[in-house]
Amino acid sequence: MIARYIGLLANAERALADALSLIGLRHAVEPDIRRAAKTYAAWCRAHVDALDPAIARYGASRSTDGERLRRALFRGPRLGGFGLLRDLHDLVTLATAVREGWTALHQAARESHDHELAVRCRACGEQTTRLIAWLDTKVRHSAPQALTVPADTPTELRASVPSLAQLSAAAGPAARAMLRRLVPVRPRALAVAVALALGVAVARRAGASRAAR
Amino acid sequence: MFNTAADFCELYGHDLVTGAEISPQQYRARDPKGRAVIKPADYVPPPEEPDAAYPFWLTTGRLVYHWHSRTKTGRVPALQEAAPVAVAEINHDDAKRLGVGEGELVRVRSRRGMVEVRARLTDIAPGHVFIPFHYGRARFGHGEHPAAVEPTAANELTLTDWDPVSKQPQFKFAAVCIEKA
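Read top to bottom, the protein sequences are chains A and B.
Under our numbering, the first sequence is numbered contiguously, ending at residue 216.
Under our numbering, the second sequence is numbered contiguously, ending at residue 204.
Each hint should be verified, as a subset may be incorrect.
Covered, in the sense of this in silico footprint (three residues per stretch, anywhere, with C-beta under 8 angstroms from a C-beta of chain A), are these stretches of chain B [claimed, not checked]:
(1) 38–44
(2) 83–95
Straight-line Cα separation of at most 27 angstroms, DSSO-like style, residue types lysine-lysine; simulated pairs [claimed, not checked]:
(3) B:Lys203 - B:Lys119
(4) B:Lys62 - B:Lys190
(5) B:Lys195 - B:Lys62
(6) B:Lys195 - B:Lys95
(7) B:Lys119 - B:Lys190
(8) A:Lys41 - B:Lys95
(9) A:Lys41 - B:Lys195
(10) B:Lys62 - A:Lys41
No lab work stands behind these hints: they were computed from the structure.
Values in this document were obtained by computation on a predicted structure and should not be read as measured data.
For glycine and all other residues, C-beta sits at the position ideal for the given N, C-alpha and C.
Same shape as in the complex, but just chain A:
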């Protein structure tokens, strides 16, 4: 059973890291969000590494729970102040799921007299609590303007387009997730569609030149 929770927690921490990278990219126009998202994504990845000794001892079952929760959240256009507020709100949900995972594993480690795992669970759980406290602070700071001042959608739309440098600097999964939101089909499907369209155009031109001859 411990192995199931270790797998669940590793998956949830990875999902939270990806979500933070996505939010850092999506709201790159806000320098403090960009910096904080990068810092906290690194925290989450370090938490996954902190599970290594526990995985060696108990194993880890495959879990997709965290990933499924991430996919259910962060949907739709998230532009400007209102979009940032919605993303912060969703991050609270995902981070709270991660923290409860650490709480549960911490109790199991204590029951199993695994002092090392208990210490790690407590440290990672406390760091996740600090992340949630930051999210709560940001929600309280951003909500008044986001919910009471009319949005300037054209400006928000322009500001939401990341630069090429930001895209290339972004983490792989987050950048792909962002591209999927900008382009409503998967990049590979888009490449296939472009190739097909080009093929049709070339065939038509060849047909037209044959007809002209």
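Place chain B on chain A using the hints.
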């Protein structure tokens, strides 16, 4: 005694690393009751450090002759003559390696912008460059038209970032490269 008692203090403070506010409940759980609060914080590396492309540490600051953007001190002839133009303080050995002489025009670039200022060779630590922030883009005090523009604003080079609690901007460090203009 300090004004830290939970029933008397004016704010509960912040997490120094994240900037998250400490809640009343958290503060009350560890009520200092008049004792000083000493907060530890993990080391956080700067957002950028010198590398092969931008090998110098830039730090910005003041000159004794000017105050902020010189709106007053720039109009005092004695002060303006003492420091009339923007300079970049560069270490003697670094300048020799770059082939830059005293008073020569150098271009200092970061990932965000560039300035063109006169080199001043000093004993500043090797690998460091200091540019005062008093000089903006608009020239004045030289008899030119006030709208004339020259690239001497040190903050074109600095990061757009700030401390999460104090909101102090991170103007004191940035990675830059230096070349002869």
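Numbered hints the structure breaks, given as an ascending list = 2, 7, 8
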